[in-house]
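*Asks:* Protein chains in written order, with our numbering: chain E, 1 to 184; chain V, 185 to 368; chain C, 369 to 552.
Calculated directly from the structure, the hints in this document are not laboratory data.
All residues carry an ideal CB built from backbone N, CA and C; glycine is no exception.
Worth double-checking, as some hints may not be accurate.
[To be verified] Reference listing, derived: stretches of chain V covered by chain E, where coverage requires no fewer than 3 residues with Cβ under 8 Å from a Cβ of chain E: (1) 227-233; (2) 254-266; (3) 312-322; (4) 336-349.
[Stated by the list, open to error] So the derived label-pair ranges between C-beta atoms look like this: (5) V/Ala-206 / E/Ala-22: 55 to 65 Å; (6) C/Gly-421 / V/Ser-345: 52 to 62 Å; (7) C/Ile-545 / E/Leu-51: 22 to 32 Å; (8) E/Lys-176 / C/Lys-544: 37 to 47 Å; (9) C/Ile-545 / E/Lys-176: 16 to 26 Å; (10) V/Ala-303 / C/Ile-545: 22 to 32 Å; (11) E/Lys-183 / C/Leu-532: 46 to 56 Å.
[Said to hold, decoys possible] Incomplete in silico selection of chain E near chain V, CB under 8 Å: (12) Leu-7; (13) Lys-117; (14) Ile-177; (15) Val-181.
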Amino acid sequence: MELKTDLSKFNNSWYKKGGNPAKRLCWYMVNAAFFNSAFPVNSAKVFLLRLFGARVGQGVVIKPFVNVKYPWNLKIGNHVWIGERVWIDNLGFVVLNDNSCVSQGAMLLCGNHHYKKVAFDLIVGNITVEEGAWIGAKCVVCPGVKIGSHAVLTVGSIATSNLLPWSIYQGNPAQKIKERVIKG
Amino acid sequence: MELKTDLSKFNNSWYKKGGNPAKRLCWYMVNAAFFNSAFPVNSAKVFLLRLFGARVGQGVVIKPFVNVKYPWNLKIGNHVWIGERVWIDNLGFVVLNDNSCVSQGAMLLCGNHHYKKVAFDLIVGNITVEEGAWIGAKCVVCPGVKIGSHAVLTVGSIATSNLLPWSIYQGNPAQKIKERVIKG
Amino acid sequence: MELKTDLSKFNNSWYKKGGNPAKRLCWYMVNAAFFNSAFPVNSAKVFLLRLFGARVGQGVVIKPFVNVKYPWNLKIGNHVWIGERVWIDNLGFVVLNDNSCVSQGAMLLCGNHHYKKVAFDLIVGNITVEEGAWIGAKCVVCPGVKIGSHAVLTVGSIATSNLLPWSIYQGNPAQKIKERVIKG
Numbered sequence: 001m002e003l004k005t006d007l008s009k010f011n012n013s014w015y016k017k018g019g020n021p022a023k024r025l026c027w028y029m030v031n032a033a034f035f036n037s038a039f040p041v042n043s044a045k046v047f048l049l050r051l052f053g054a055r056v057g058q059g060v061v062i063k064p065f066v067n068v069k070y071p072w073n074l075k076i077g078n079h080v081w082i083g084e085r086v087w088i089d090n091l092g093f094v095v096l097n098d099n100s101c102v103s104q105g106a107m108l109l110c111g112n113h114h115y116k117k118v119a120f121d122l123i124v125g126n127i128t129v130e131e132g133a134w135i136g137a138k139c140v141v142c143p144g145v146k147i148g149s150h151a152v153l154t155v156g157s158i159a160t161s162n163l164l165p166w167s168i169y170q171g172n173p174a175q176k177i178k179e180r181v182i183k184g
Numbered sequence: 185m186e187l188k189t190d191l192s193k194f195n196n197s198w199y200k201k202g203g204n205p206a207k208r209l210c211w212y213m214v215n216a217a218f219f220n221s222a223f224p225v226n227s228a229k230v231f232l233l234r235l236f237g238a239r240v241g242q243g244v245v246i247k248p249f250v251n252v253k254y255p256w257n258l259k260i261g262n263h264v265w266i267g268e269r270v271w272i273d274n275l276g277f278v279v280l281n282d283n284s285c286v287s288q289g290a291m292l293l294c295g296n297h298h299y300k301k302v303a304f305d306l307i308v309g310n311i312t313v314e315e316g317a318w319i320g321a322k323c324v325v326c327p328g329v330k331i332g333s334h335a336v337l338t339v340g341s342i343a344t345s346n347l348l349p350w351s352i353y354q355g356n357p358a359q360k361i362k363e364r365v366i367k368g
Numbered sequence: 369m370e371l372k373t374d375l376s377k378f379n380n381s382w383y384k385k386g387g388n389p390a391k392r393l394c395w396y397m398v399n400a401a402f403f404n405s406a407f408p409v410n411s412a413k414v415f416l417l418r419l420f421g422a423r424v425g426q427g428v429v430i431k432p433f434v435n436v437k438y439p440w441n442l443k444i445g446n447h448v449w450i451g452e453r454v455w456i457d458n459l460g461f462v463v464l465n466d467n468s469c470v471s472q473g474a475m476l477l478c479g480n481h482h483y484k485k486v487a488f489d490l491i492v493g494n495i496t497v498e499e500g501a502w503i504g505a506k507c508v509v510c511p512g513v514k515i516g517s518h519a520v521l522t523v524g525s526i527a528t529s530n531l532l533p534w535s536i537y538q539g540n541p542a543q544k545i546k547e548r549v550i551k552g
């Protein structure tokens, strides 16, 4: 007999959300009020992220309407930029290394489903954006993907697998289109 | 003489929005307050959808910031998931059958325009997502498209025509890339 | 030695935001309250855009949750439609000519970065959408791009270079797929 998806059998009890329920509820409200909102005070956002367990470096810029799932799953280096309406859906751990930039409307997506299983099991993948890399506006980085140092994902592209360092990718799925070279 | 678009000639008076103006205004406010917001109580959302004419099955999950145009144009089966920031722009009728999943940031788009006409006439198309299908994060399903049973539309892909059952599609426009098989 | 991105060296002091700081703060709040919100009164939005320096023609439709960066960088012709959740990120000047339509969820993106430079310098490009053109839902128009008269950018496509008039483009990057002809 042909097997079918049965979402009533879904079971993600193995997944550890981190924090306790009260902390998660607090963050949910803080995120709604101060991150996923027009609230513009950058230093307050950095303070709040750290308060809830994120590791955040110096010179970090966080624009309005950013949506962060779990700050305790987030590590941000120095001089990192997070653009307006960026969505960090970090069921898994997200690392944004020094001088990386995630532009407006981009999404870092850590959750996936095992679509070959009846119960559509949750799969969580960490995302790492290495030093100096640039995730363009309206891009999506898929679960488990590592963005190599100084790689560029162009506007609206979908990174479904690792990006090589110093390389520029475009499309869905993103393909390497050229090298990146930085000149003085 | 070359004909041009003239939006002042647009006329959608033939289109029946459903409900009466008071009901539509009520839904507009309910949607803003309880759906397209951080409001997290799933059972209240199911109750409200049914109150405004949607048919909603058992075990349905509706995440925050979902945007529903007209609930009276919506039928949801059992054990269906609707992810965060999903946009159901249902000028036409949308059916989400049992065990289907519409992931975060996806859009079900029922409105189109006749771009070969001066008046840019409105064209409305219904959308059906068959049993067990999965619309990935940040996808768009275009007007009139039927997503076959257990089809998968991968992250950020654009379904411009029907998707065959048990098939996985990717890209813009989405193309079939492989079969889906569910194992025990 | 290999040169790397250093965002601490970023310097956009040459960039003129327009208006004075008080005016910009006012607009930031007006945008949050009346544009990027469920506020539905079209005539009030046209009034406010003009008050803050936009040039806006007759018969313009502006749907809810539109996000406008700087109204003084915006010129809208007659009978132009701006759909729900359109994002006009106009660091540069944006012109929407008569009878053009920017559909729901689309983005007009005027900011770029010089990724071949250590300081990741800001690059600003103006966007022009010519008469009768149609930017489809969830599209992105990139900095410096001109959309030719009556061109069409299909749903979810990314315009990275100019679109020829009377032509239909699809994909990322958007490629011409056919001609547009308007019949009586």
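*Asks:* Hint by hint, say whether it matches the structure.
*Replies:* Consistency of the hints with the structure:
Coverage of the region 227-233 of chain V by chain E is violated [criterion: at least 3 residues with CB-CB distance below 8 Å; count 0]. Given as covered by chain E, the region 254-266 of chain V passes the check, having 4 residues with a CB less than 8 Å from a CB of that chain where 3 are the minimum. With a cut-off of 8 Å between beta carbons, the region 312-322 of chain V has 5 residues touching chain E; three or more are needed, and the interface restraint holds. Check on the region 336-349 of chain V: 5 of its residues sit with their Cβ under 8 Å from a Cβ of chain E, so the three-residue criterion for coverage holds.
In this structure the hint that V/Ala-206 and E/Ala-22 lie 55 to 65 Å apart at CB is violated, the actual value being about 41 Å. Here the CB-CB span from C/Gly-421 to V/Ser-345 is close to 44 Å, at odds with the stated 52 to 62 Å. Taking 22 to 32 Å as the suggested C-beta distance range, the pair C/Ile-545 and E/Leu-51 does not conform, at roughly 51 Å. Roughly 24 Å separates the CB atoms of E/Lys-176 and C/Lys-544, a value that falls outside the hinted 37 to 47 Å.
Taking 16 to 26 Å as the suggested C-beta distance range, the pair C/Ile-545 and E/Lys-176 conforms, at roughly 24 Å. Here the CB-CB span from V/Ala-303 to C/Ile-545 is close to 24 Å, well matched to the stated 22 to 32 Å. A C-beta distance of roughly 33 Å is found between E/Lys-183 and C/Leu-532, which places it outside the suggested range of 46 to 56 Å. Below 8 Å, beta-carbon pairs count as interface contacts, and E/Leu-7 has one with chain V at about 4 Å; its hint therefore holds.
Taking 8 Å as the C-beta cut-off, the interface hint given for E/Lys-117 holds, the closest approach to chain V being about 7 Å. This hint is violated: E/Ile-177 has a C-beta 16 Å from the nearest C-beta of chain V, more than the 8 Å allowed. Because the smallest distance between the Cβ of E/Val-181 and any Cβ of chain V comes to about 28 Å, over 8 Å, the interface hint for this residue is violated.
Of the hints listed earlier, those the structure fails to meet are numbers 1, 5, 6, 7, 8, 11, 14, 15, in rising order.
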